[in-house]
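Asks: The lines below spell out each chain.
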Amino acid sequence: MTSKTTIPVHLDINGQHHELRLEPRVTLLDALRDRLGLTGTKKGCDHGQCGACTVHLDGERVLACLTLAAQAEGRTVTTIEGLAREGELHPVQAAFLEQDAFQCGYCTPGQIMSAVACIREGHAGSDEEIREYMAGNLCRCGAYPHIVAAVRQAALEAAQ
Amino acid sequence: MTVHARHGSTRHGDASDGASMEAVGGRLSRVDGPAKITGAARYAVEQQLEGLAYAALVESTIASGKVRAIDTTRAEAAPGVLKVLTPDTIISLRTASDWFGTPPPDKPYCPLARDITFSGQHVAAVIAETFEQAVAAAALVEVGYDETPAIVDLSDGKAGDGIPIDAMTKEWGDAAAAFAAAPVRICAAYNTPREYQAPMEPHGLIARWEGDHLTVWEPSQWLDGMARTYAEWFEVPFENVRLISPYIGGGFGSKALALSHGAVAASAAKMLGRPVRLVMTRPQTFTGYGGRAATRQTVTIGAGHDGVIQSIVHRGVNETSIDGMWVEPLGSVTSIMYATPNFSSKQNVVRVNSVVPGAMRAPGENPSAFGIESAIDELAYEVGIDPLEIRLRNYAEQDPHAKKAWSTRQLREAFATGAERFGWARRSPEPRSMRDGNHLIGWGVAAGTYPVRRAYGEAVVRILADGSVEVESSSIDMGQGTYTILAQTAAETVGVSAEDVVVKLGDSRFPRAGVTGGSRLAGVMTGAVHKAATSALDQLVGLAISDPRSPFNTLQANTLTVANGRITAPRGDGPDVSIAELLRRVGRDQIEATGDTMPANSSAEDRYRNYTTIAMSLPHTEGDYSRHSWCAHFVEVRVDEDFGTVRVSRVVSALDSGRLYNPKLAESQWKGGIIMGIGQALLEEGILDRRHGRIVNNNLADYLVPTNADIPDIETISVGIPDLHSSVLGGKGVGELAIVGIAPAIANAVFHATGKRVRDLPITLEKLI
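Protein sequences, first through last, are from chains A and B.
Under the working numbering, the first residue of the first sequence is numbered 1, with each subsequent residue one higher.
Under the working numbering, the first residue of the second sequence is numbered 1, with each subsequent residue one higher.
Isolated chain A (complex conformation):
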């Protein structure tokens, strides 16, 4: 890779600052996984169809495969690795474990990042609403009923 085709990109990920030189076409997803070793964010389709790559950009859920790394410059990125604080699981993570809301685990980071945002957005008011606002994250193992239960549980805990 020559410097002529790369640009400097500064990324703030999970509270840590990273300086990278990347081709402009590098997606945030590939920057995370291939350049920074943050492989918790998954690649399922690379086309914004499955939700496995969901991360938070300034607190809002986005698809890292449809976001160029350069677009994240100057913004705050949170990935699944940044959700637990000081070894304590985030309540959504704990609820996923308790409700067995995953099997193979590959869609799980994206589901959890979506679920955290879904609750924060105020879209976890009923099972029906949770199903709708979690519908962008595919799970081929079919953990959906347990994902709904986990989001419901975490939303109730957050409301208390």
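Calculated directly from the structure, the hints in this document are not laboratory data.
These numbers come from a predicted model, not from an experiment.
Hints are supplied without guarantee of correctness; some may be wrong.
[Said to hold, decoys possible] Chain A side only, calculated, beta carbon under 10 Å to chain B, not exhaustive:
# : residue
1 : ARG25
2 : ASP46
3 : GLN49
4 : LEU89
5 : PHE96
6 : ALA101
7 : GLY110
8 : GLU132
9 : CYS139
[Unchecked claim] Non-contacting residues of chain B with respect to chain A, defined by C-beta distances greater than 10 Å in every case (computed):
#  : residue
10 : ARG68
11 : THR95
12 : THR102
13 : ARG114
14 : GLY542
15 : THR597
Beta carbons: idealized from backbone N, C-alpha and C, even for Gly.
With chain A held as given, fit chain B onto it using these hints.
Replies: Here is chain B on its own, set in the frame of chain A:
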């Protein structure tokens, strides 16, 4: 290799039956869970290796013909490109044996094709310094073809009737004569389209050579089988190939075999002297390996006016590829679900220009059940008998085909329990007789079954100096819960807490394991771990009794009790020491035992065959019994009368998987099967561009799999009892079972709602309006 220590928080708030949660049968949360929910779980292609190069595949754009020429000039000149591989420049490999272990023809194997037999076949590959450079350069490879007409699918005029598969023929009595004489006769054709496993993790691998040793990080349902294939391709000893598959992001049958893209990546790594990563794009996963074959079945039933079946005649066809063979056994459920004095089932396969189809959740049983479980519903309406009642009237008290007793068959209990919980008795029998506003409501029932596939397994159990226990096996966990149930098995057998068990899986250097498929792994591996752990415990107790340095040595006891990591005399009248303390006192740093369920006189070659092929699997009808899991599904659908849209609004399934090693995880697998079945019934279909023989909806936006918003509450109820004819600990199969029967239950519910019988999956709105 991956290691899971128990995580303290996994017990938090878990409903369980109390003290036994960590034992076999307890609702222990999955021990690999903390790694998966924090992003720490590193899947195969996520290994970060020095000097990694990236490969991208180029695929055929025609379905039939020859590659005339490949122009790689522009691709080779593109930035970062290290190599462009074509059939002419890739190294030559040897043909490998198939999964039965059949000796291969002595001829070269080229994973890049010159002769094109399907659209999407790998014809070239680009390897570059970065992923982006490889993808960009792959688009610059120019391939010229000489195209010939393709056979697009089963309905193609050129397809013909296909090849009879005599091994699929099952006949008894005189089915044709009994049908002709029967007072009630029904006959219908049932079709299922190409369906795709679509695991969330795409197929891919990292291959690295060190001298003549190959390491492959690849999601795998069968490390030892895939290692054998790589070894044969590259003509290196089996021991030189190491497969590492710590986590598998879903397989559903599709990740059991080494495939041509793996050969491309490993060849590239060898040629470049660098590790190479190759991951299929999502569209490539629709042609890089086979999904479920499209099928056609005709089911003919002759019965009395009382609904009692007198004859079943069944004919099936599935598609296979031009040069590969896939048989989807379509008579598998047809031949055992109902008692019938006369029966005939035959099957052909038809060659079409497709990738060779493959295993997808309950291959055979799934489409087979769609036929027979729809047909018996049609018979129920024909004779005016409740669909549940007609199934009981034709209940098979023994295996009608093998003429053997069932090992266990809790299907009657499944029907009764499911019906009760669903409220089946409140069903109004007439089609279109239940509605809620604009929604027609339909209630349907169907049964499912899956054979108990058995094999031999091997595991090592070690009791370590600190009193913890370690389990090693080259079996895998793709979400079924292997890490968890093996920890439970070792914990219960040795007498320690599951928290003190570390399970290591997913490395072919560990004791060998056969394929994880056909719902066999749990039964095989709990058996092997139980045997190894029992042997380790015997050694521990033997040391405690006989070693002069042991505090128990003077007791003259015949046995000792090990529980919660402590050793005591049976009557509690002697010393009470921890396992760690005992090992320290007798001067041992560990106890190791190998558990191997192979027959004692097995040769090394037998063992190799057992773990690297499926040739030594035990028939489910071996000996005196016929062994199967069973289930009954009760489904409610709501059909919008104006638009014909179908929503599944309620599912109650009662399932007999024998004893459950961990009900919490088993319920998750059952629900997953039911949900995949909902997709099959209502959404999933590979759509062909008939001009080019190409799958056009080869992505997750156009090949529709269920989303969260498509799935209602699902209730699963276990009605199984321990079946010791099926496995050491009494379990039968879990993962494949629950999808079987869902599609017909939905089709039957749709008929009840609308009066329209849809016999072609998926049940889409244009078939209802």
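Asks: Could you run down the list of hints and mark each one as holding or not?
Replies: Evaluation of the provided hints:
{"no.": "1", "hint": "ARG25", "verdict": "6 Å, holds"}
{"no.": "2", "hint": "ASP46", "verdict": "6 Å, holds"}
{"no.": "3", "hint": "GLN49", "verdict": "4 Å, holds"}
{"no.": "4", "hint": "LEU89", "verdict": "6 Å, holds"}
{"no.": "5", "hint": "PHE96", "verdict": "5 Å, holds"}
{"no.": "6", "hint": "ALA101", "verdict": "9 Å, holds"}
{"no.": "7", "hint": "GLY110", "verdict": "9 Å, holds"}
{"no.": "8", "hint": "GLU132", "verdict": "5 Å, holds"}
{"no.": "9", "hint": "CYS139", "verdict": "7 Å, holds"}
{"no.": "10", "hint": "ARG68", "verdict": "31 Å, holds"}
{"no.": "11", "hint": "THR95", "verdict": "32 Å, holds"}
{"no.": "12", "hint": "THR102", "verdict": "31 Å, holds"}
{"no.": "13", "hint": "ARG114", "verdict": "29 Å, holds"}
{"no.": "14", "hint": "GLY542", "verdict": "39 Å, holds"}
{"no.": "15", "hint": "THR597", "verdict": "26 Å, holds"}
Consistency note: the structure conflicts with none of the earlier hints.
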